[in-house]
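Student: All chains, full assembly: derive it from the sequences and hints.
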Amino acid sequence: MTALLDMDRLLDDLEAGLRRKLEERGVTAPALIGIRTGGVWLADVMSKRLGLKEPWGELDISFYRDDFSRIGLNPKVKPSSLPFSTEDRDIILIDDVIMSGRTIRAAMNEIFDYGRPASIILATLVDLGARELPVQPDVTGRVLALQSHQRVKLRGPDPLHIELQETGK
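First residue of the sequence shown? That's 1 in the UniProt record's numbering, and the numbers climb one at a time after it.
It is possible that some hints are incorrect.
As the list claims (entries may be wrong) - Straight-line distance between alpha carbons at most 25 Å, and here's what the computed DSS-like set of lysine-lysine pairs gives:
1. Lys48 x Lys21
2. Lys21 x Lys78
3. Lys153 x Lys48
4. Lys21 x Lys53
5. Lys78 x Lys48
Because the hints were derived from the structure by calculation, they are not lab data.
Tutor: In structure tokens, the structure reads:
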């Protein structure tokens with residue numbers, strides 16, 4: 001699994017995929033939004049790699065989660081920060097890992113509360129493929145199939161690295 005999780009390779013693949021998708025769609029000035037925490041770290045890296053001049057935004061989707069009433073509020077909740085209007089913008093939404101699709105659904109709900117974007121390109125570093133909702137990334141660094149007792153976690157921000165965790169179940 002180590003070779004699959006080489007961070008430089010994952011970032012190169014994510015960047016190349018984003019460049020292809022932006023070119024296919026004719027997007028020249030995307031607004032980049034990272035989902036806290038790992039997506040924010042990736043937004044910082046991808047903004048530099050893509051040469052974006054505009055500051056990127058941060059979403060904290062805690063209040064938009066569909067399990068908020070069951071799990072309660074994360075004590076580290078910070079306000080979201082979008083230093084641009086989302087109205088009629090082409091957005092790159094980036095997160096570290098996609099599994100069920102629920103985090104992405106919550107993030108899109110929040111983005112639409114700021115304004116209606118022209119489009120959203122979803123980019124994730126790792127896709128675990130265990131969907132509960134019909135949400136698919138447009139670009140991913142790597143697709144992984146893990147066993148039920150395994151999880152991946154992006155650590156960082158400096159240096160960024162992926163950990164494979166065993167849950168013991």
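Student: Regarding the pair Lys21 and Lys78, is the alpha-carbon distance no greater than 25 Å?
Tutor: 31 Å, violated
Student: Given the hint that Lys48 pairs with Lys21, test it: the Cα-Cα distance must not exceed 25 Å.
Tutor: Status holds; Cα separation ~17 Å.
Student: Hint check: Lys78 vs Lys48, CA-CA at most 25 Å. Holds or violated?
Tutor: With Cα atoms ~24 Å apart, Lys78 and Lys48 stay inside 25 Å; holds.
Student: CA of Lys21 to CA of Lys53, is that 25 Å or under?
Tutor: 19 Å, holds
Student: Between Lys153 and Lys48, does the CA-CA distance stay at or below 25 Å?
Tutor: 23 Å, holds
When held up to the earlier numbered hints, the structure conflicts with hint 2 and nothing else.
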